[in-house]
Every structure is written in C-alpha cells, then in structure tokens.
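Enquirer: Assemble the whole structure, with the sequences as input and the hints as a guide.
Here is what each chain is made of, one letter per residue.
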Amino acid sequence: MNKTVAVLGGSADAGWVVEELLALSYSVAWVGQEDLPDSPRSDGLRAYPRSRVSAVSGCVGSFRLELSAPPERAVIDAAAIIVAMGNQRLPLGADARIPAHPRVLSTQVLAERLSAPRQISGIAPAQRQHILFALDMLELSGKQAVVETLELALRTHDTWHCEVSVLYRELQVDSDLLESLTRTMREQGIVFHRLQDALPVVDDSGVHVKHADGVLDGDLLVIAPVVRPRSDSAELAGLLRIALGADGYFQQLNVRSYRPGLSNRKGIYLAGRCHLDADDAGARADAAQAAANVAILLGQDHLQPETVIAEVGSTKCIRCLTCIRTCPHAAVELAAYGQVTAAKVVELACFGCGACAANCPVRAITMKGIDVPVWLQEAALV
Amino acid sequence: MPNTSVVIIGGGISGVAAALNLAQRGVAVDLVEREPRLGGNTLDVCCKAVNGQCQHCGGCLVAERLRAVCAEPLVTVHLSSTITNIQPAGDTFSYQLVTANVKQAKSARAVIAATGFDHIDARTKGPYGYGALSMVITGEDMERRLRAEGQSVYDCAVLRDVAFIQCVGSRDEHANRGWCSQVCCRYAVRLARLLGARSPQTNITIFKMDIQTAGRDSQAFALAQQEGIRFICGLPAVVRRSEKDSAKAALLFDDINTGQFRTNEFDLVVLATGIEPRSDALQLAETLGVERNRFGFLASQDGAALSIPGIFAAGCCQSPRSISESIVHATAAAEACYRYLQEHTQ
Ligand SMILES: Cc1cc2nc3c(=O)[nH]c(=O)nc-3n(C[C@H](O)[C@H](O)[C@H](O)COP(=O)(O)OP(=O)(O)OC[C@H]3O[C@@H](n4cnc5c(N)ncnc54)[C@H](O)[C@@H]3O)c2cc1C
Ligand code: SF4
Ligand code: SF4
Ligand code: SF4
Ligand code: SF4
Numbered sequence: 001m002n003k004t005v006a007v008l009g010g011s012a013d014a015g016w017v018v019e020e021l022l023a024l025s026y027s028v029a030w031v032g033q034e035d036l037p038d039s040p041r042s043d044g045l046r047a048y049p050r051s052r053v054s055a056v057s058g059c060v061g062s063f064r065l066e067l068s069a070p071p072e073r074a075v076i077d078a079a080a081i082i083v084a085m086g087n088q089r090l091p092l093g094a095d096a097r098i099p100a101h102p103r104v105l106s107t108q109v110l111a112e113r114l115s116a117p118r119q120i121s122g123i124a125p126a127q128r129q130h131i132l133f134a135l136d137m138l139e140l141s142g143k144q145a146v147v148e149t150l151e152l153a154l155r156t157h158d159t160w161h162c163e164v165s166v167l168y169r170e171l172q173v174d175s176d177l178l179e180s181l182t183r184t185m186r187e188q189g190i191v192f193h194r195l196q197d198a199l200p201v202v203d204d205s206g207v208h209v210k211h212a213d214g215v216l217d218g219d220l221l222v223i224a225p226v227v228r229p230r231s232d233s234a235e236l237a238g239l240l241r242i243a244l245g246a247d248g249y250f251q252q253l254n255v256r257s258y259r260p261g262l263s264n265r266k267g268i269y270l271a272g273r274c275h276l277d278a279d280d281a282g283a284r285a286d287a288a289q290a291a292a293n294v295a296i297l298l299g300q301d302h303l304q305p306e307t308v309i310a311e312v313g314s315t316k317c318i319r320c321l322t323c324i325r326t327c328p329h330a331a332v333e334l335a336a337y338g339q340v341t342a343a344k345v346v347e348l349a350c351f352g353c354g355a356c357a358a359n360c361p362v363r364a365i366t367m368k369g370i371d372v373p374v375w376l377q378e379a380a381l382v
Numbered sequence: 001m002p003n004t005s006v007v008i009i010g011g012g013i014s015g016v017a018a019a020l021n022l023a024q025r026g027v028a029v030d031l032v033e034r035e036p037r038l039g040g041n042t043l044d045v046c047c048k049a050v051n052g053q054c055q056h057c058g059g060c061l062v063a064e065r066l067r068a069v070c071a072e073p074l075v076t077v078h079l080s081s082t083i084t085n086i087q088p089a090g091d092t093f094s095y096q097l098v099t100a101n102v103k104q105a106k107s108a109r110a111v112i113a114a115t116g117f118d119h120i121d122a123r124t125k126g127p128y129g130y131g132a133l134s135m136v137i138t139g140e141d142m143e144r145r146l147r148a149e150g151q152s153v154y155d156c157a158v159l160r161d162v163a164f165i166q167c168v169g170s171r172d173e174h175a176n177r178g179w180c181s182q183v184c185c186r187y188a189v190r191l192a193r194l195l196g197a198r199s200p201q202t203n204i205t206i207f208k209m210d211i212q213t214a215g216r217d218s219q220a221f222a223l224a225q226q227e228g229i230r231f232i233c234g235l236p237a238v239v240r241r242s243e244k245d246s247a248k249a250a251l252l253f254d255d256i257n258t259g260q261f262r263t264n265e266f267d268l269v270v271l272a273t274g275i276e277p278r279s280d281a282l283q284l285a286e287t288l289g290v291e292r293n294r295f296g297f298l299a300s301q302d303g304a305a306l307s308i309p310g311i312f313a314a315g316c317c318q319s320p321r322s323i324s325e326s327i328v329h330a331t332a333a334a335e336a337c338y339r340y341l342q343e344h345t346q
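Listed in order, the protein sequences are those of chains W and D. Per this note's numbering, the first sequence starts with residue 1, numbered consecutively. Per this note's numbering, the second sequence starts with residue 1, numbered consecutively.
Chain W stretches covered by chain D per the calculated footprint, using a threshold of three residues with CB under 8 Å from any CB of chain D: (1) 270-280; (2) 291-300.
Some chain W residues near chain D, calculated using beta-carbon distances under 8 Å: (3) V146; (4) V173; (5) E179; (6) R183; (7) A285.
Treat the hints as calculated values from the structure; they're not laboratory data. C-beta: ideal position from N, C-alpha, C; glycine also.
Expert: Right under this line is the structure:
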C-alpha cells in the first residue's frame, strides 16, 4: 500500500503535522499556497510550495491530487490527506467600526515596534504612557487571539515600563496557563476592565474607551487579532468534498458521524486551526492527534471496508443521483456496469450509514455484509 | 509492534480513546478500570438536543467508542480493578493488577494515566446552601436526572424563574482553586437553552464571571442571548430560603449596573459545578512517581508526557476538558506513547 500522506496548508499547524508524520517514518507530500516554513530535511519529505490543489480524485488509500504549481503541474498519489491550512487574520481596516488612526494598532504592528530598536520604533516616549489592549472589541476573541494579546501586553509592560490596561467582555481562561498569566499581569499592576457596548473614540488627545466602571483614557489602543477561516477553505472543501461548519471552519457537524479530527470522508483528516480555535500548545497536540489517526489507517497492510456497506443494484437504478447527493461521506459515484451507467458505492469509502438506501426512490440500494476476502476487494478497486 | 504492552489506568473516555488508538496500531493494551463498568463520568452526561436539534455537547461521542473498545482483540479490559506497586525495571514497568483482592504480577512497556476527575462538591461553597435548600441543585444533578429520566423531567409550570450560578468551586484563587473547569459554561448554556425551549414560560438567568466560548463555542452563547436568557456579570454572595415563599430561593447579588445589592427570587437554582483532581490523585502520583501541578492535576511539560519517561497522562487527570477535547488529548497521548515505544524497542 502507498504510505504517502498529503499535508495541505502552509501554516505552522501543518509544520507540526509534517514533523509528527516524519517521526513515524511516513512519506509526506507537503503542499502550501505560500512559501512553506522551514522544515526538517528528510528523504521522506517532498515539498510543494506556492502550489494549489486543482483536482482530487480517488478514495481512501489511493487519492490523487493534481496541483497547479507554476511553471509545471504535479500529481501526488497519497493514501491519506491531512488538511492543516490554518486560519487567517483580518486586517484592522477590514471593519469600519475601528477608527483608522495612528493611535490604533494591531498586535502585529505593536509586536514589531516592540522588538525594533528604540530610535526607530516610531513611538515617541510620551506616547508610551498608557497602552490599552482590547480583546473582544467587535466579537469575542478566541483562545489563540487571547493568549497572543495577553502575552504581548505583558511583554510591552516589561519592555517599555509603561502603564498597561486590558479591556475585555468575556475573558477566556483555562486551567493553568491563562489563569496564571492573568494573575501575573494583575500582580504587575496591569488593570483589567470589562468593555461596555460603545466603540472607542480616538482623537488627538488620545483614545477613550467606555468600560463597566467609567471611561479609560490611553495613548495607544492595540486591538486583538480577529481570526477567520481562510478564504480559500470553501474551495478546498469543495475539491475534497468535505464539510464546512456554518462558521466556515472545517468540521463535520453531522451528529451521528462527527468525530474529533476526522472529516466526513474516510482518509481525510483535519489538524489545527482550520477546524478549531487553539493556542500553539493546543494546535501541537492536535497535530499529534491527526498523525495518530492517520497511523491507524496506514498501520494496516490492506484497507478493509466496514462490515456493513451499501450496494447498488445496477439494473434497478434510474440514475436520479439522489444517493450521490445524500451520502454524507462522498462514497457514491456514477460508474459503468458493462453497457449501463448506474450509481456505484466506493466500498472503502462507505461508512455503512444507510442514508443512501433510505433515500433511493426505487429501493435500488441494499446494505450488505462483507465476507469477500480482502485481497479481492482491493483488486476490485484498482 | 509485537510483544509490547501498555497499561492504561482508568477506563473513562480518555482511557478508552487512548486504548483504541494504540490497539489499532498493533500495541496490546491492558485497560484497568476501578468501577464495574467503562465510561467514567461521561455516563452522567445527558443529551442536550433542543427540539431534536443537536447542540454539539459531545455526549454521544462515547457509546460507540465503548462498544469498539470491547470488540478490540488487542485490548484486555479489567473491570473492578486497579494497579499498585508500579516499579520501573529497565525499559519496562512492573506492577500488580488487583482485581477483587486477587493480585497478579504484570509488566508493561509504558503507562498511561487516564484517571479523570472528581465532581466538585457544591457544599464547599457553603453560602449557596447546597444540601440544605431543596431548590438548589448542581449541574451534575441536573445532567444525571435528564439522562436517567428523559428530557421532560424539568417541564413543569411552576418553574417560572431559574438561575444558574457559574464557577461554583472553580476560579477561586483565595481557596487555591484558581483553575477554570472549562466545561461548566458550555453545559450550563446548553442546559439553559434546553430548559428555555421546553418551557417557554420560564425566565432564565445565568450569573457568571466570563462565559468561556473559546474553541468555536461562541454560537451557543450567542443563541442563548438571542433567546432571551439573561446573563448577569458577577456571582451572587448568598442563596437563602425566601421569606415570602419558602419554596423559593432568594439570591443576593451585586448589580453592577446600579452598584447596589439586589435580591431576586428563583424556583430553581443550578450550581454549575466543575472538575477537580481526584481525591486519590496524590496517591496515584506517588505510586507513579510523577509530579502534580499546583492544583493537583498531573503535571506535564509537553502535551502528555509526565515527569518520568514512559509515563503519560490523558484527559481530565491532566487538566479539565470536554469529551471531545479529552478524545483529542488521549489520542495525542497515545501518539506520544507510541513514539516512545518505537524509540525504546528494537
Ligand atoms: C457536571 C458536568 C457536566 C459535563 N457535561 C459535559 C458535556 O455536556 N459535554 C462534554 O463534552 N463534557 C462534559 N463534561 C466533561 C466530561 O465529563 C469529561 O470530559 C470526561 O468525563 C473526561 O473523561 P476522562 O476519561 O478524562 O475522565 P473520567 O470520566 O473521570 O474517567 C476516569 C475513569 O478512571 C477510573 N479511575 C480513576 N482512578 C482509577 C484508578 N486508580 N484505578 C483504576 N481506575 C481508575 C474512574 O473510575 C473513571 O472510570 C461534564 C463534566 C461535568 C463535571
Ligand atoms: S451507506 Fe450509503 S450514504 Fe452511507 S456512507 Fe455508504 S454509500 Fe454513503
Ligand atoms: S438513489 Fe437509487 S435510483 Fe437514484 S441514483 Fe442512487 S441508486 Fe440510482
Ligand atoms: S448528546 Fe449532545 S452531541 Fe449528541 S445528539 Fe445530544 S446534543 Fe448532540
Ligand atoms: S467553565 Fe465557566 S463556569 Fe466553569 S469554571 Fe470556567 S468560567 Fe467558571
């Protein structure tokens, strides 16, 4: 069996997945739309930077991905696919409710100034007096944004020795890291205030933000990143025929078949912040989880279908395509049976859920138990 | 990977998920559970579907895995059992498996602790009157009853006003209980929506510090607000029996909008209790020789690895988590364990 795993996405999350897979000695084909982050040199790794997946065919065990990677096209044959494309951040200007003003910054800009040498940091010492960090400004910030912003606030306080305040609506905490981070911050004199609904007002005298106990005046307002699913998620989901949640992140929300880290299609897995909100530690654990799930698949000598799967009676089928539309796992396709064309269940991809059989208007689909030798099933698929 | 075996202590969802992953990759597993059944605390989690619409609480991720683990030939389940005397012996660990006072000497190449958590005892929060006032219950009680008796148990016309109080026994630095239990906001918001949908005449108020929505969970909170569930910042100081109506509870709280203390009356008060380290976590840590963090959860530097090589932690014994997060963490622990086995087996 081919033991190549295709990792899709150029994010840090994908980097961790690649590391985990290489440690398990699988071959990895790493595809990213951008330049890929530095990765360990390894014979098992083929990198496809600045490449886009343009077509996907096949099923678990034998996927074929076509890439458009100028100047040439490439083809990857992979047994499994891990989607780890990460998320994206909206630029500050994307929302008109945030005033465009030199006193309003993104965390990224502040972090750059913080590490720049003093004379070119672009902020006069007088402006460094009171810096406000705002979480949850337009929408509730997720864990990744909260951890990043709070760590930055603490670093700013330590580096510039200025007054720092944090604004929030629902402060995200956890069992250890964030609780101790916020405690350290409070001990160092950083003050937390709960935001009120009003938007910040910025003028030449400073920034003014309403909070539960009054109005806070500061010199700079640093806004926590607003994180979104990547804009190309839908396109990739379409090519892979996997589900997106209503919020645009990858995740199979069908209750009966929702499995953490598994997509709705056999052999396609999800890792990192394209399907969950997590800080770096959480995303790393998720990478290990994805690799462990892939290892179950690739640890087998032969792939085996489920014990019960669907089968189309090709002579009864009227090619209405209902089953192809209703199968939650993209396991039915049209195929030629000798002279006739009819629906056909891809055995390895079928979960045996029965949705197709229940919906076929002419009852052409039955659920059958499998007792055919495994080698025969594999041969039938080649 | 033949001739290797791993012992997993605890057969809750975390132990089961770790066992499944290792077994499916060819590692033999002894799964040791103290109770006479698998599943741990997840057996009390109820379905929170509102009018048949799933709220993604994670409750139904369990049954299928319990079935799968029992059918897995490489997993040997030891019920009503526990282990003692763990000793590192070269590259392996020797231990005693104790089943109903019968001791058996065994060995394993690696150990995964998946011993889970204890429910926080709401009586530790004396001013809320749990145990003394019949209309004060815990989230644990509510989940259990809904699970055992069905979604209609709280449908009754006399429930006009229901309050949830968040963070009972969690996030309290003064009592050295500074951790957030992570699950109680999620289950409380979902239970509140369920109550609200079943009994539209019921007014629901949630007293909270910060609703935890991280991890793609802001939707349930937003829906709850739209549906008219009232969220009040700040936890009540005390819960007393009402002087006007002895069937009701009176909550005294600081209203941040007016800056004054106010009293509201409720027919039912649900204390959102969470997750604390097991009462015997210290004993377990000592048996294994591993460290705990300042709150008593098993301490791990790197995801799942504990302070002794070859010993790992999965799920709520390491930190509070939901069911799906426990599955993810346990799978990552299985991965770390597998990598360790690869490095330590020729
Ligand atoms: C009130 C409440 C409501 C919740 N609602 C939800 C919800 O709606 N959705 C959700 O996703 N999560 C919910 N949770 C969280 C959920 O219960 C946990 O995520 C889950 O139970 C964690 O599983 P675990 O295996 O880590 O621990 P546990 O469930 O505690 O399992 C640990 C197992 O180990 C066994 N054990 C312990 N010590 C030993 C030993 N020394 N030897 C042998 N065996 C041992 C125990 O008997 C137990 O079976 C809720 C939690 C609470 C408190
Ligand atoms: S039983 Fe039918 S609907 Fe279900 S996975 Fe198989 S082909 Fe798809
Ligand atoms: S639903 Fe039935 S009739 Fe329609 S394509 Fe599928 S098998 Fe054929
Ligand atoms: S138990 Fe939870 S996840 Fe399962 S159907 Fe009910 S609400 Fe949905
Ligand atoms: S999850 Fe919510 S209720 Fe539970 S301890 Fe954390 S903040 Fe409090």
